[in-house]
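Colleague: Using the sequences provided together with the hints, build the complete structure.
Position one of the sequence shown corresponds to residue 1 (our numbering), numbered consecutively onward.
Hints are supplied without guarantee of correctness; some may be wrong.
Each computed BS3-like pair below joins lysine-lysine, with the alpha-carbon atoms no more than 30 Å apart [unchecked claim]:
(1) LYS354 x LYS463
(2) LYS639 x LYS463
(3) LYS667 x LYS608
(4) LYS447 x LYS639
(5) LYS492 x LYS463
(6) LYS494 x LYS408
(7) LYS508 x LYS451
(8) LYS30 x LYS91
(9) LYS451 x LYS667
(10) LYS492 x LYS451
(11) LYS494 x LYS447
(12) LYS508 x LYS463
(13) LYS508 x LYS447
(14) LYS608 x LYS59
(15) LYS408 x LYS327
(16) LYS492 x LYS508
(17) LYS443 x LYS408
(18) LYS447 x LYS463
(19) LYS354 x LYS447
(20) LYS508 x LYS639
(21) LYS494 x LYS463
(22) LYS451 x LYS494
(23) LYS443 x LYS508
(24) LYS327 x LYS443
Rather than coming from a laboratory, the hints here were simulated on the basis of the structure.
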Amino acid sequence: MSQTKKRSLWDAQIVRRALVDSLVKLDPRKMMKNPVMFVVEIGSVITSIYLFRDLATHKNALGFDLQITLWLWFTVLFANFAEAMAEGRGKAQADALRRAKAETTAVRLRIDGTTENVPSSDLRAGDLCLCVAGHMIPGDGEIIEGVASVDESAITGESAPVIREAGGDRSAVTGGTRVLSDEIKVRITSNPGETFLDRMIALVEGAERQKTPNEIALNILLAGLTIIFLLAVVTLQPIAIYSTAPQTIFVLISLLVCLIPTTIGGLLSAIGIAGMDRLVQHNVLAMSGRAVEAAGDVNTLLLDKTGTITLGNRQAAEFIPAPGVSKDQLADAAQLSSLPDETPEGRSIVVLAKEQYGLRGRELHELNAEFVPFSATTRMSGVNLDGRVIRKGAADAIARFLNDNGGKLPDEVRTAVETVARTGGTPLVVAENRQALGVIHLKDIVKGGMKERFHQLRAMGIKTIMITGDNPLTAAAIAREAGVDDFLAEAKPKDKMDLIRREQAEGKLVAMTGDGTNDAPALAQADVGVAMNTGTQAAKEAGNMVDLDSNPTKLIEIVEIGKQLLMTRGALTTFSIANDVAKYFAIIPAMFAATFPVLGALNIMHLKTPQSAILSAVIFNAIIIIGLIPLALRGVGYKAMSAESLLRRNLIIYGLGGIIAPFVGIKLIDMLITAIHLA
Numbered sequence: 001m002s003q004t005k006k007r008s009l010w011d012a013q014i015v016r017r018a019l020v021d022s023l024v025k026l027d028p029r030k031m032m033k034n035p036v037m038f039v040v041e042i043g044s045v046i047t048s049i050y051l052f053r054d055l056a057t058h059k060n061a062l063g064f065d066l067q068i069t070l071w072l073w074f075t076v077l078f079a080n081f082a083e084a085m086a087e088g089r090g091k092a093q094a095d096a097l098r099r100a101k102a103e104t105t106a107v108r109l110r111i112d113g114t115t116e117n118v119p120s121s122d123l124r125a126g127d128l129c130l131c132v133a134g135h136m137i138p139g140d141g142e143i144i145e146g147v148a149s150v151d152e153s154a155i156t157g158e159s160a161p162v163i164r165e166a167g168g169d170r171s172a173v174t175g176g177t178r179v180l181s182d183e184i185k186v187r188i189t190s191n192p193g194e195t196f197l198d199r200m201i202a203l204v205e206g207a208e209r210q211k212t213p214n215e216i217a218l219n220i221l222l223a224g225l226t227i228i229f230l231l232a233v234v235t236l237q238p239i240a241i242y243s244t245a246p247q248t249i250f251v252l253i254s255l256l257v258c259l260i261p262t263t264i265g266g267l268l269s270a271i272g273i274a275g276m277d278r279l280v281q282h283n284v285l286a287m288s289g290r291a292v293e294a295a296g297d298v299n300t301l302l303l304d305k306t307g308t309i310t311l312g313n314r315q316a317a318e319f320i321p322a323p324g325v326s327k328d329q330l331a332d333a334a335q336l337s338s339l340p341d342e343t344p345e346g347r348s349i350v351v352l353a354k355e356q357y358g359l360r361g362r363e364l365h366e367l368n369a370e371f372v373p374f375s376a377t378t379r380m381s382g383v384n385l386d387g388r389v390i391r392k393g394a395a396d397a398i399a400r401f402l403n404d405n406g407g408k409l410p411d412e413v414r415t416a417v418e419t420v421a422r423t424g425g426t427p428l429v430v431a432e433n434r435q436a437l438g439v440i441h442l443k444d445i446v447k448g449g450m451k452e453r454f455h456q457l458r459a460m461g462i463k464t465i466m467i468t469g470d471n472p473l474t475a476a477a478i479a480r481e482a483g484v485d486d487f488l489a490e491a492k493p494k495d496k497m498d499l500i501r502r503e504q505a506e507g508k509l510v511a512m513t514g515d516g517t518n519d520a521p522a523l524a525q526a527d528v529g530v531a532m533n534t535g536t537q538a539a540k541e542a543g544n545m546v547d548l549d550s551n552p553t554k555l556i557e558i559v560e561i562g563k564q565l566l567m568t569r570g571a572l573t574t575f576s577i578a579n580d581v582a583k584y585f586a587i588i589p590a591m592f593a594a595t596f597p598v599l600g601a602l603n604i605m606h607l608k609t610p611q612s613a614i615l616s617a618v619i620f621n622a623i624i625i626i627g628l629i630p631l632a633l634r635g636v637g638y639k640a641m642s643a644e645s646l647l648r649r650n651l652i653i654y655g656l657g658g659i660i661a662p663f664v665g666i667k668l669i670d671m672l673i674t675a676i677h678l679a
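Modeller: Right under this line is the structure:
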């Protein structure tokens with residue numbers, strides 16, 4: 001997928017494929033899915049029939065009729081090209097995924113413990129397979145034994161290997177990925193044709209893209225407008241005959257095609273496909289277009305604290321010495337006790353002592369020191385060297401250590417512990433022999449820029465709720481620092497479900513992320529459930545999106561992409577309908593000005609002749625579709641703002657712009673075609 005993510009908008013391979021597909025899509029059975037463009041195709045067929053009839057009868061002055069017919073066909077082809085371009089990007093991604101889905105040989109475990117080599121296509125859900133270093137994982141499954149380094153670049157596009165292991169929330173593996181080290185036993189969870197790769201291929205290729213409710217509603221609106229204008233044009237001919245100004249079939253069909261909303265009709269499908277494609281480019285797989293749209297309408301975001309709002313690893317932020325102890329003395333003991341500690345917290349203590357107090361890391365083996373590892377029983381770790389017994393750990397654990405050695409935890413240290421806890425931090429107490437040296441303040445580090453992003457979401461009317469297992473005091477402190485609107489502390493799976501249901505009962509759409517089996521019910525309940533690719537199979541089945549990078553913060557980007565999809569559709573619909581105003585001023589006077597000279601006042605563009613006016617409008621109507629393809633595929637520039645501000649912006653830019661652009665465009669085309677004597 002990394003290969004296709006970098007493709008330019010006008011990639012030569014995609015363009016060539018789209019040109020061919022544009023012709024294939026002329027099949028009326030395909031065109032009927034788009035009522036507006038189907039009407040244009042019927043009009044093109046009718047003008048073609050009349051054109052051939054006139055050619056057979058050697059009728060003079062066929063130039064105008066020929067040009068109208070050609071540009072009507074171009075209108076249909078350009079609309080098909082827009083859709084084919086959007087689909088082409090997905091097909092390119094599907095080709096890359098198919099290469100990863102090559103037939104492999106699986107080592108299947110029999111009931112008696114022996115193994116057999118079988119094609120991966122023979123595997124069924126429930127089969128057990130042995131995967132060793134160098135082997136491709138033959139199908140989607142769960143690791144039931146072992147741990148291994150896995151190359152998932154075929155799925156995620158990322159070259160760095162990931163660790164997958166039995167138990168926990170990182171046990172799911174995907175067919176088509178490769179084991180790099182060690183050995184695992186995998187229970188297959190999917191049947192042939194139902195794997196994660198199969199679903200990805202079908203979805204990114206657009207084969208199973210279903211129209212969303214909003215898209216269906218807009219299609220009905222466009223079909224209704226088309227019927228209204230069709231009736232108007234049909235009834236216009238008797239009026240024209242009565243006024244001794246009968247119109248040719250070419251003029252009437254030109255009028256119809258220019259009046260109906262062909263611009264949005266030609267781009268609507270491409271907008272929806274491109275929205276899903278933008279998610280794929282962010283390594284997010286949406287199981288349906290409905291999920292993408294729902295993301296754009298989300299009212300409430302549920303975000304896990306750890307890994308989403310905070311970095312996920314507490315970092316040492318401050319040394320707080322006990323009475324009579326210097327900060328240098330505390331920092332030295334804290335660093336010594338943390339030198340062999342390879343946890344992120346331990347590393348951060350070493351770094352803080354080095355940066356703030358100039359204490360360079362020392363090698364314990366050079367000091368002849370004895371490292372005491374952390375134990376769940378003692379809840380302490382530390383080091384023994386040169387008669388110094390240094391320990392760091394939870395306050396109550398250090399208090400017991402001091403009592404056992406004839407010392408006591410000072411009240412000032414207890415106060416410092418409570419202060420750190422109230423501010424949302426984790427206190428570690430350091431002691432040497434019988435003396436408490438002070439407190440290390442470990443802090444959950446809120447990711448940079450989160451407060452600003454939450455402010456943007458608030459401006460869009462989206463409420464953010466942080467979910468954490470921390471106590472309410474700690475949760476409140478982190479929530480204040482991060483800038484979320486609310487938080488749910490000491491959260492259990494049922495609490496998440498209850499919160500989602502309460503929000504939905506108020507008519508709100510809810511989005512959340514998760515990776516564990518215990519998150520599956522909440523992911524299924526949420527309107528937008530984003531499962532991590534590293535998570536369990538149950539979580540991925542429950543969500544309607546899968547983040548291949550397993551980055552929980554991407555939920556915010558998903559909402560932005562959903563908003564952009566809705567903004568693009570609304571903006572181009574506004575532009576398309578506004579376009580029609582200029583076309584009225586071009587075609588109506590051209591049709592009747594000769595019979596009713598007073599209508600000449602409506603020719604405010606001063607178009608040269610009736611034929612040039614009609615032809616200019618038809619040409620503009622066709623080429624504007626091509627001109628808007630980049631906007632449809634890339635999406636309208638996203639800005640966080642309220643619905644009222646967004647509506648006002650659309651009306652000014654795309655409403656007013658949709659009126660002005662055709663006036664300018666049609667006039668320029670009229671000047672060009674009259675200069676080269678095409679009309």
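Colleague: Would you mind marking each hint as holding or not holding in the structure?
Modeller: Structure-based check of all given hints:
no.: 1; hint: LYS354 x LYS463; verdict: violated (41 Å)
no.: 2; hint: LYS639 x LYS463; verdict: holds (17 Å)
no.: 3; hint: LYS667 x LYS608; verdict: holds (9 Å)
no.: 4; hint: LYS447 x LYS639; verdict: holds (22 Å)
no.: 5; hint: LYS492 x LYS463; verdict: holds (21 Å)
no.: 6; hint: LYS494 x LYS408; verdict: violated (42 Å)
no.: 7; hint: LYS508 x LYS451; verdict: holds (23 Å)
no.: 8; hint: LYS30 x LYS91; verdict: holds (18 Å)
no.: 9; hint: LYS451 x LYS667; verdict: violated (50 Å)
no.: 10; hint: LYS492 x LYS451; verdict: holds (25 Å)
no.: 11; hint: LYS494 x LYS447; verdict: holds (28 Å)
no.: 12; hint: LYS508 x LYS463; verdict: holds (10 Å)
no.: 13; hint: LYS508 x LYS447; verdict: holds (27 Å)
no.: 14; hint: LYS608 x LYS59; verdict: holds (24 Å)
no.: 15; hint: LYS408 x LYS327; verdict: holds (20 Å)
no.: 16; hint: LYS492 x LYS508; verdict: holds (22 Å)
no.: 17; hint: LYS443 x LYS408; verdict: holds (26 Å)
no.: 18; hint: LYS447 x LYS463; verdict: holds (19 Å)
no.: 19; hint: LYS354 x LYS447; verdict: holds (23 Å)
no.: 20; hint: LYS508 x LYS639; verdict: holds (22 Å)
no.: 21; hint: LYS494 x LYS463; verdict: holds (21 Å)
no.: 22; hint: LYS451 x LYS494; verdict: holds (28 Å)
no.: 23; hint: LYS443 x LYS508; verdict: violated (34 Å)
no.: 24; hint: LYS327 x LYS443; verdict: holds (18 Å)
Going through the hint list in order, the structure does not satisfy hints 1, 6, 9, 23.
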